[in-house]
Every structure is written in C-alpha cells, then in structure tokens.
Amino acid sequence: MKILVCIKQVPDMESRFRPNASGTWFEESDLAFRMNEYDEYAVEQAVQLKEQLAGEPEVTVLSIGPDRVNEALKKALAMGCDRGVHIQDPAPQDKDPWQIASIIAQFAQGEGFDLVFTGMQSQDRGSAQVGVLVAELLGYACATTLVGFSFSDGLVTARRELEGGIKGVVKLGLPAVVTCQLGLNTPRYPTLPNIMKAKKKDVLTIPVADLLHEEAVAATARFYPPEKKGGGIVLEGDVGNLVEQLYGILKEKTTVLR
Amino acid sequence: MNFELSQDHKVLQDAVRDFVEKEVKPVAAKTDEEHMIPDELVRKMGEMGFMGSYLPEEYGGAGLDMLSYAIVVEEVSKACGSSGVLISAHTSLCCGPIHTFGTEEQKIKWLPPLNSGEVIGCFLLTEPDAGSDAGALATTYRREGDEFVINGSKIFITNGGYKGTGVLFATSDRSLKHKGVSAFIIDLDTPGVEILKNEKKLGIRGSYTTAFALDNVRIPAENLLGQEGQGFRIAMDTLNGGRIGIASQALGIAEGAFERALAYSKERKQFGAPISDLQAIQFKLADMWARIETSKLMTYKAAWLKDNKKSYTMESAMCKMLASEAATFVTKEAIQIHGGYGFICDYEVERMFRDAKITEIYEGTNEVQRVVISKLLLS
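Going down the list, the sequences are from chains A and B. Residue 1 is where the first sequence starts when you use the working numbering, and the numbers rise one by one after that. Residue 1 is where the second sequence starts when you use the working numbering, and the numbers rise one by one after that.
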C-alpha cells in the first residue's frame, strides 16, 4: 500500500498578523511557523494505519512552500512517515486552492497512491478545498471532516462530523482521499531518537514550476484586520447621576425610549 | 556566522515545547508542593529521549548533540526547574563521564538503562568537607581482591533519592590530595549504601538532594571508571560539561518567569491602563530580556564549542555564571512586576524565584566560575 499525506506549514495562530505590502496576504517575517493542526491528525492517522498493517505501507509526506516547510516535513518524518517530498515554492500564498490541488495531483498521478490523508482545512487560509479537489482531479473517492477512521478488508470506514454534533458513517473503496478533523486522534510527540532517525530519511525536492500547469481561478483581493470597534463607556458618579446619564444616552443614541 | 537554530534544532525545540506545555507545565506546581517529580512524568521524559539526548544511538541515546541537550533542559526548565535539573544532572554528570571515560564493556552495561530513563543517574562528589575542593575528599576506597571497598559519606547528591546509578569519587589516601582520587560506577542499590535523608530545600523541591552513608560498600573492580588516580580529572572534566546543563536550566527558569511577567504586565491595569504602559515596568522588561538573550547566546555558544570539539571551559563557566545570575535577577523582577500576586504561590513566579537561587550555587558556585574564568585569562 502507498499512502500520501499532504501537509501545510502555517503561522502560529497566536501571532499578531499584519497585512503585507500588496495587501493580499499577511506579512510573514517575524512569524513562527508550525504544522497545520489538522494535518497533524492526518500524519498521525497515516502512521497508525502503517502500524496496523505491520509497517508494510510506505508513507510519503508532501508539502508545498519555501525552505522553511522542511521543518514541518521533518516533524512528520519524526512522527513516522517514511519519505518527504518538498515542492519548492517561494510564494504558495499567491496560488489559489485549485492550483495547489493541481500541483499535488500532478505529483501524485504517476505514483499510484492508494490512500491520501490531509487536514480538513488549513488554519490560515481555511478554504477546505484542497483535499476534495485532489480527489476530483485524481478520480478518487473522498470523505471529509473525519473524526473516526478504520481500515479493513480494503475498505475505509470513515466517521464524519456533520452540523450540530451529528455524525455520519461512510465506507470508501480505494483509492481514496480523506480529510481529517479535530477529535480524530491525538498526534504523538516526535521523540528525540525519532528526530535523529528522521535526519536520515530522504526528502525529494521538486521545483513547483515542474508540476504547475494551471491558471488560478480565484484571487485574494484584499487581506485586512477587522475594523476596530469603539471602546465601551464607563459611567461614573452616584446612582442618581448614573441613571440620568444612562437615560440621556439611551434617549439620544438608541430607539429604546422613543 | 549564523545565530539561527538549524531546522533540525527548530523541529526538536518545537517538539519539546509541545511536550512541556502538555505534560510538564500542568504538574509543575504539584511537583514543588509534593517534593517529588511524578513518576509518570519521569517515565514520559524517558520515552521522549530526554535522558540520553546527546549520547550515541548504539548505547541507547538519541544521538543528537550538546545544543539539542541544552534546548531540552532549557525548555523543560521554563515550566519546571526541578525536572530540568533531573535531566541535567542525570545526563551531564552520570551518562557523560561513563561515556567519556568508560570502557566499551562499561558503556554497553550502564548506558542503555540510563539513556532510556529506566535508571536515573547521579554524581557523588560532594561531602560535608569537600565541594569545589575535590582534593579534600574523605570518602576512602581500598582494594580487596576483585573488589573495591568504599567507606564515607556524600551529601547534596542531586537525583540520589532514585537510588539508581552513580559516578562516585573516593580517595585511596587523603594525604595524596587530588592525586589520590579515583572514580567508580556504582549501583546505589548495593548493600552498605544508605540514604540518610533527602534534604528539604528553598527551591527545586521536586528534585532529590540526598545525603548518603557508605558503609563497607563492595563494588566489583571492573567498576573503576578510568584509571586509578584519574578521578580528579574526571570530576573536573564532567563539571565543565555539566555547567552547560545548569546554564540551560537557569536560562529556562528565567525565560519561564519572563513570559509570565510580560503577559501579566499587559493584563494588569492600574490607573486605567495596563502597567506595561509605565516606563518603570518597560525598563524592567528590557533589562530582563537583555540578560536572558545574553545568557542564551553564551550557553548556545558553549554547547556549540563542545559539539565542535573546541575548548569550552571558559565559555561553560561564563554561561553558567551569566545564566544563573540572569535567573535570580529575572525571577526577582518578575515577582516585582506581579506585585502582591507575585508573592503568593498561585502565580508561579514565586516558585521560579525559589528555584533560581540554586543555579548560582551548584556545579561550582559562581565565585568558583569567576576563579575558572580569571585563571584562564591570566594563565
């Protein structure tokens, strides 16, 4: 069995974001990056499946981006993936989900993957489109937002999270793409010995131009922080005075007393 | 010249941070209160490979480098100084000398259980009348057939309470001073080894600080570490490396207190604005951060020098001195920024303040570090 895990490196979500010079994305300098949380569930599930099948499947982990994404790839390799694929792209943020999916599909085409794991969405762009587009482009079955996964007799049983806490169970034949949601599993920590072993695993680097043949179908027009709302008003004085002030405000600025 | 961590070191740092956030931080207060690191945490840190980070893979270590080790101790100490010194004393002071001075047979026998964390290591040098003056040891050994017989006492032994594996120093003849000192590997479960007490302390309360009596302790002759009479050199060499661990611990404690003080200064409002708007607080933060960064540069440099097989005695003394003084300064200021809240136990900087002090004392007091540095300058 051949497994592909697609991961993205995203900024630490606790960072302070500023729009970049073109105003279409955030300024990346000074940000700390890490593996997209949903992709960690994807890596963990792929490695668990490899363990279930006594180590037989080869797990390839792929990421698109500049040099720094190697950190996310190394983490995935330390968690138990077998080999890495780094699609070298200095500006993945300028590509829309369609292009990103087409790059992955182009790479995957000749490789004959049986199962593709990825996060349900990225924490930064959050389009939730890449997984399903890859499935469509490859002609694979697809299930999204997995909170449960099992594999037996060549069949994937996926438990999906639907609106309002309702769950649905889907069975898929291979080849298939699944996208992973919070609650699917608890990603393991990369241990120090495994971080050392990961250093010896192969990472193949491919320039993005070799795989990208599609034009964008959507473009980000503007990236901006929400407008600052005015601060609250603190009234001071004795009770009688407070009531008068409040009455005045309600009368003047609202329709409550009209 | 490059001051950035390599990608491999960043991956490691990230992994350790994640672990510390979820596994160490939640039990740090309990560790202090109960005077014990939970066994569960010791086991988990062993599984993570924290107990043999820079030891070779063939002896069960992770095979990483000294910088990785410094990062591990630093990150763990940000949450818990006791857990930081557990790793530091175990790795630098026990695994380290066995790896550097041990025979192949000794390494194969003793290192794997230490590196996995299954057995905890310690370093038995200090005695009531011999600390930095290692030539004044009163614990004696004599050869009897295939055994060495050891008599004496040891105090202030970090990790001693685990009764695991120790690197022990004793003299054949006190009149020979440091030339009479030899080093031995000892299983502390051997008959004649008695724990007199685990000390109650100002800080690092989760870490065992143990006093031992050694009464006719018989250990096999093959447990001699290095040559007879080489003990003093082994002790000095070991402490050199150990200082990088203590510097990392101190650095972590300082960073942990700084993080909390910075966050608190932005939350706490007085006179209608966060106290971080006050220049008095801003200047404190600037001074704290500058000391942290200076210590970090020197600590990482000392680790880098050791990794690159360059002389690092001066830098390890300087990083230990700088980082420990940064830790006492930063934790004190962190309490000041917290005001009255900083003085009560719930806010953690109180614990960090207590944990910081020992880093100026153990593995060579800072006065001894100044002796080391000035001797090298004047030699």
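Heads up, some of the hints might be wrong.
As the list claims (entries may be wrong) - The calculated lysine to aspartate or glutamate pairs, modelled on EDC-like cross-linking and capped at a C-alpha distance of 20 angstroms, are:
#1 Lys201/A to Asp67/A
#2 Lys201/A to Glu57/B
#3 Lys10/B to Asp30/A
#4 Lys197/A to Glu47/B
#5 Lys200/A to Asp8/B
#6 Lys197/A to Asp307/B
#7 Lys199/A to Asp307/B
#8 Lys25/B to Glu47/B
#9 Lys197/A to Glu34/B
#10 Lys22/B to Asp346/B
#11 Lys10/B to Glu214/A
#12 Lys95/A to Glu14/A
#13 Lys201/A to Glu58/A
#14 Lys201/A to Glu58/B
#15 Lys107/B to Glu34/B
#16 Lys199/A to Glu34/B
#17 Lys197/A to Asp187/B
#18 Lys44/B to Glu34/B
#19 Lys199/A to Glu58/A
#20 Lys228/A to Glu14/A
#21 Lys25/B to Glu14/A
#22 Lys22/B to Glu37/A
Think of the hints as simulated: they come from the structure by calculation, not from any bench.
Against the structure, the hints:
1. Lys201/A to Asp67/A: 17 angstroms, holds
2. Lys201/A to Glu57/B: 16 angstroms, holds
3. Lys10/B to Asp30/A: 15 angstroms, holds
4. Lys197/A to Glu47/B: Within the cut-off at roughly 15 angstroms; holds.
5. Lys200/A to Asp8/B: Holds - the C-alpha atoms of aspartate 8/B and lysine 200/A are around 11 angstroms apart, at most 20 angstroms.
6. Lys197/A to Asp307/B: Judged against 20 angstroms, a Cα distance of about 19 angstroms means the pair holds.
7. Lys199/A to Asp307/B: It holds: about 17 angstroms lies between the C-alpha atoms, which stays within 20 angstroms.
8. Lys25/B to Glu47/B: 17 angstroms, holds
9. Lys197/A to Glu34/B: 37 angstroms, violated
10. Lys22/B to Asp346/B: The given pair, whose Cα atoms are some 19 angstroms apart, holds under the 20 angstroms limit.
11. Lys10/B to Glu214/A: Violated, at roughly 34 angstroms.
12. Lys95/A to Glu14/A: 24 angstroms, violated
13. Lys201/A to Glu58/A: Holds. Lysine 201/A to glutamate 58/A sits at ~12 angstroms (cutoff 20 angstroms).
14. Lys201/A to Glu58/B: Holds - the C-alpha atoms of glutamate 58/B and lysine 201/A are around 19 angstroms apart, at most 20 angstroms.
15. Lys107/B to Glu34/B: Distance of about 34 angstroms is beyond 20 angstroms: violated.
16. Lys199/A to Glu34/B: Violated, at roughly 40 angstroms.
17. Lys197/A to Asp187/B: 31 angstroms, violated
18. Lys44/B to Glu34/B: 19 angstroms, holds
19. Lys199/A to Glu58/A: Given pair lysine 199/A, glutamate 58/A holds - Cα atoms ~17 angstroms apart, limit 20 angstroms.
20. Lys228/A to Glu14/A: Holds, because 19 angstroms separates the two Cα atoms, which is no more than 20 angstroms.
21. Lys25/B to Glu14/A: 19 angstroms, holds
22. Lys22/B to Glu37/A: Judged against 20 angstroms, a Cα distance of about 15 angstroms means the pair holds.
Of the numbered hints given earlier, the model fails hints 9, 11, 12, 15, 16 and 17; all others are met.
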